Amino acid sequence: MRKSEGSTRRRFLGLAGSAAAIGAIPVVGLRPAAATQETMASAIRTVVGTATVQTGKVKLDIPPLVENGNTVPMTVSVTSPMTADDYVKSIHVFNEKNPQPNVGNFYLGPRAGRGQISTRIRLADSQKIIAIARLSDGSFWSVSAEVVVTLAACTEELI
Amino acid sequence: MASALINVPKKAKRGDVIEIKTLMSHIMETGYRHTAAGQVVPRDIITSFTCRFNGEEIFRADLFPAIAANPFVTFFTVATESGKFDFEWIGDNGFSETASAAISVE
Chain A
0 MRKSEGSTRR
10 RFLGLAGSAA
20 AIGAIPVVGL
30 RPAAATQETM
40 ASAIRTVVGT
50 ATVQTGKVKL
60 DIPPLVENGN
70 TVPMTVSVTS
80 PMTADDYVKS
90 IHVFNEKNPQ
100 PNVGNFYLGP
110 RAGRGQISTR
120 IRLADSQKII
130 AIARLSDGSF
140 WSVSAEVVVT
150 LAACTEELI
Chain B
0 MASALINVPK
10 KAKRGDVIEI
20 KTLMSHIMET
30 GYRHTAAGQV
40 VPRDIITSFT
50 CRFNGEEIFR
60 ADLFPAIAAN
70 PFVTFFTVAT
80 ESGKFDFEWI
90 GDNGFSETAS
100 AAISVE
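Chains as they are written, first to last, in numbering that gives the first Met the number 0: chain A, 0 to 158; chain B, 0 to 105.
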């Protein structure tokens, strides 16, 4: 009797372990209350695939201390000659703690002249922002920035 | 109702890198807010922005709820020839707006 209980428990833990391992791949349909490091990582995975993301080349200009999370100016610039055979293909921005991990995807081309974009974003909490650039040679470069938000963007606010 | 603000230099020298600034008035409702009664306010955002020059796509962006209200996007392009920039915003609930700006390149 004891023995069979033990084996069930072991089997359950084994199953749970493998489920957790598979769980790293996104569980679509289950909308989390907030993006987490895992959902951010899986959102990044869907963009970069199996390629390795290197650090550097990308610059993320965002205020380190934000009073109002509803509108936060952000500039991403990528060091690139922007020639026909060496240019920035796209820039992707992710966050850690908004309800969704994605902030925006921006697709550029060789005729952009400068690998730089600006926009205004919302931040629901103090968190880490990651910008990833895809270059024409298929390599990915990233940079991250920590932002402290005093007034969060309204996700829970009653209106 | 919806209105766009576009900032494109009217003139440029051939080969110059010019900055294009765009702003579209839009509420960008995230879909994560609740009314006092506890109902979720349905999502209503612009999901896609495209810029074409003389018909050729030069810039495109996928927008998410994390983009602030009245999406402001700036980017760069090389002035190659005189022509027209066409801007297009597409969003939820059939939202679709266009705007255009001309440039003369010498």
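Bear in mind the hints are in silico, worked out from the structure with no lab data behind them. Small disclaimer: the values here were computed from a predicted structure and weren't measured. Mixed in with the good hints, there may be bad ones.
Below 27 Å or equal to it, Euclidean Cα-Cα: the simulated DSSO-like pairs (lysine-lysine) are [said to hold, decoys possible]:
1. K10/B to K20/B
2. K20/B to K56/A
3. K58/A to K96/A
4. K58/A to K83/B
5. K88/A to K83/B
Hint check:
{"no.": "1", "hint": "K10/B to K20/B", "in the structure": "holds (15 Å)"}
{"no.": "2", "hint": "K20/B to K56/A", "in the structure": "holds (24 Å)"}
{"no.": "3", "hint": "K58/A to K96/A", "in the structure": "holds (21 Å)"}
{"no.": "4", "hint": "K58/A to K83/B", "in the structure": "violated (31 Å)"}
{"no.": "5", "hint": "K88/A to K83/B", "in the structure": "holds (23 Å)"}
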